[in-house]
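Engineer: Residues per chain are reported as follows:
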Amino acid sequence: MTKEHANWSPYDNNGGTCVAIAGADYCVIAADTRMSTGYSILTRDYSKICKLADKSYMASSGFQADVKALQKVLSSRHLIYQHQHNKQMSCPAMAQLLSNTLYYKRFFPYYAFNVLGGLDSEGKGCVFTYDAVGSYERVGYSAQGSGATLITPFLDNQLKSPSPLLLPAKDAVTPLSEAEAVDLVKTCFASATERDIYTGDSVEIIILNAKGVRSETEQLRKD
Amino acid sequence: MVSSQNENRLLSSEGDSQRTQYPYVTGTSVIGIKYKDGILMAADMGGSYGSTIRYKSVERLKQVGKHSLIGASGEISDFQEILRYLDELILHDNMWDDGNSLGPKEVHNYLTRVMYNRRNKFDPLWNSLILGGVKNGKKYLGSVSMIGVHFEDDHVATGFGNHLARPILREEWREDLTFEEGVKLLEKCMRNLLYRDRSAVNKLQIAKITEEGLTISQPYSLKTFWNFAAFQNPTVGAEGSW
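Residue numbers (our numbering), protein chains in the order written: chain A, 1 to 223; chain B, 1001 to 1242.
Mixed in with the good hints, there may be bad ones.
Said to hold, decoys possible - Listed next, the in silico BS3-like pairs over lysine-lysine satisfying Cα-Cα at most 30 Å (straight line): (1) B:K1066 - B:K1105; (2) B:K1066 - A:K72; (3) B:K1036 - B:K1121; (4) A:K51 - B:K1138; (5) B:K1184 - B:K1105; (6) B:K1121 - A:K222.
Unchecked claim - Computed Cβ-Cβ distance ranges for the label pairs, DEER-style: (7) A:Y103 - B:D1176: 46 to 52 Å; (8) B:R1084 - A:S9: 45 to 51 Å; (9) A:K211 - B:N1109: 55 to 61 Å; (10) A:K211 - B:D1176: 50 to 56 Å; (11) A:G38 - B:E1181: 29 to 35 Å; (12) B:L1091 - A:E137: 36 to 42 Å; (13) A:P164 - B:N1109: 40 to 46 Å; (14) A:N100 - B:R1019: 50 to 56 Å; (15) B:E1212 - A:Y103: 48 to 54 Å; (16) A:E194 - B:Y1024: 56 to 62 Å; (17) A:K186 - B:E1212: 41 to 47 Å; (18) A:D45 - B:E1081: 28 to 34 Å; (19) A:R195 - B:R1113: 33 to 39 Å; (20) B:R1084 - A:P92: 44 to 50 Å.
Everything labelled a hint here was simulated from the structure, so no lab data went into it. Computed from a predicted model, the values in this text were never measured in an experiment. Each residue gets a CB set at the ideal place from its N, CA and C atoms; glycine is no exception.
Produce the complete structure using the sequences and hints provided.
Structural biologist: Dropping the structure here:
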């Protein structure tokens, strides 16, 4: 007597790529705007980036319904935090909350691949990268999603990340200027779009710094 | 005592679990577009039972409250359940008697939550829904799938419509389509589906929703063209084949 199997999957991969780069006094968070299913494009104009707090932006790819649910949970937890503490959550605090939220569903995970970007309490750029069940670390830069394998080696080369084994630990935060980092991100997406069918249409870029937040959109190949 | 459950295994198709289902009576594609004055939606009236076209007068486009229109593909009984949920939603909204009424964006969000929550319980409503409407001059058109994937766009479609209709709409859709142009565009898509989707039937309705209100057309049929040369003498050049 074999166990009967579902003929539907509760998961789907709606594709897309997310990138974040931390600078000395800025953070760049970017994601493409294509939403797909199977070999079809559902929409070319869909934002994968969510503002969780003044200084915390999350970019997530994977299963869109789970991503949206995750964004809702975190946003509402942040609202409660503000009511209780009368201040915004810091980026490292939000990073921990995201990890805990993901692990909470360890046995029916959010199929979401997240990059959290923002400014820490010193105003330095910080990027946190996650897997689907909440394992995370603070890094100088990260890519997640369908184009991550194409982008990460390029970033490793261009940002010359120090070995994590070095002592004393060397910070991976890039010495590049904000304009150079934004340009690098655009190059990353242009390249990933060439070879990854799930990446394209356009890229939404959020730049966070001491002066505030600004957004840029760059068109990508639509094929 | 032998469990009669096990003996009936061969007869029942899903044991005693209320989870994982198969769709039985299904509707095929729905297409929706924004046009100058509001939203246009089209769906045929077929209800298939596997490969049989069992029902030919199924209304798959329905009004929701004052400002919205829903179109459904997938399991028809689940769509009827959704209509019951929406009925209660609208009723409670009206009973507040505060002059406010749920707009299409709100109804779309509600449907997304319902579909996602059922997916989380491994007991999905087997539908792909399209929700369109106009409120306070703002047009809205969104889609929700059976597992809760949702988005809004200028044109949406379910099922086969994604493969056959969306490409046409990407080429020919414009922001300022008139009603006549919009209907022509939808009919072009529906004709394409009629030719190529085996579960499509040639009896459709088109619904229009604007700030003023909603109208769902009487059912009608599309003219089709089969007079292609290759269909006339199909075995010419290869006698003996069919």
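Engineer: Compare the structure with each hint and give your call.
Structural biologist: Hint-by-hint comparison with the structure:
1. B:K1066 - B:K1105: 13 Å, holds
2. B:K1066 - A:K72: OK: B:K1066 and A:K72 at ~28 Å, within 30 Å.
3. B:K1036 - B:K1121: Outside the cut-off at roughly 40 Å; violated.
4. A:K51 - B:K1138: Distance of about 24 Å is within 30 Å: holds.
5. B:K1184 - B:K1105: Holds - the C-alpha atoms of B:K1105 and B:K1184 are around 27 Å apart, at most 30 Å.
6. B:K1121 - A:K222: With Cα atoms ~36 Å apart, B:K1121 and A:K222 exceed 30 Å; violated.
7. A:Y103 - B:D1176: 46 to 52 Å: About 50 Å separates the Cβ atoms of A:Y103 and B:D1176, which means 46 to 52 Å holds.
8. B:R1084 - A:S9: 45 to 51 Å: Given range 45 to 51 Å: violated, Cβ gap about 27 Å.
9. A:K211 - B:N1109: 55 to 61 Å: 34 Å, violated
10. A:K211 - B:D1176: 50 to 56 Å: 39 Å, violated
11. A:G38 - B:E1181: 29 to 35 Å: 31 Å, holds
12. B:L1091 - A:E137: 36 to 42 Å: 50 Å, violated
13. A:P164 - B:N1109: 40 to 46 Å: 43 Å, holds
14. A:N100 - B:R1019: 50 to 56 Å: Because 29 Å falls outside the window, the suggested range is violated.
15. B:E1212 - A:Y103: 48 to 54 Å: The hinted range 48 to 54 Å holds for B:E1212 and A:Y103, with Cβ atoms some 51 Å apart.
16. A:E194 - B:Y1024: 56 to 62 Å: Since A:E194 and B:Y1024 have Cβ atoms about 45 Å apart, the given range 56 to 62 Å is violated.
17. A:K186 - B:E1212: 41 to 47 Å: At roughly 45 Å between Cβ atoms, B:E1212 and A:K186 fall inside 41 to 47 Å, so the hint holds.
18. A:D45 - B:E1081: 28 to 34 Å: 32 Å, holds
19. A:R195 - B:R1113: 33 to 39 Å: This hint holds: roughly 37 Å between Cβ atoms.
20. B:R1084 - A:P92: 44 to 50 Å: Hint holds: Cβ distance 47 Å, inside 44 to 50 Å.
In terms of the numbered hints stated before, the structure departs from hints 3, 6, 8, 9, 10, 12, 14, 16, listed from lowest to highest.
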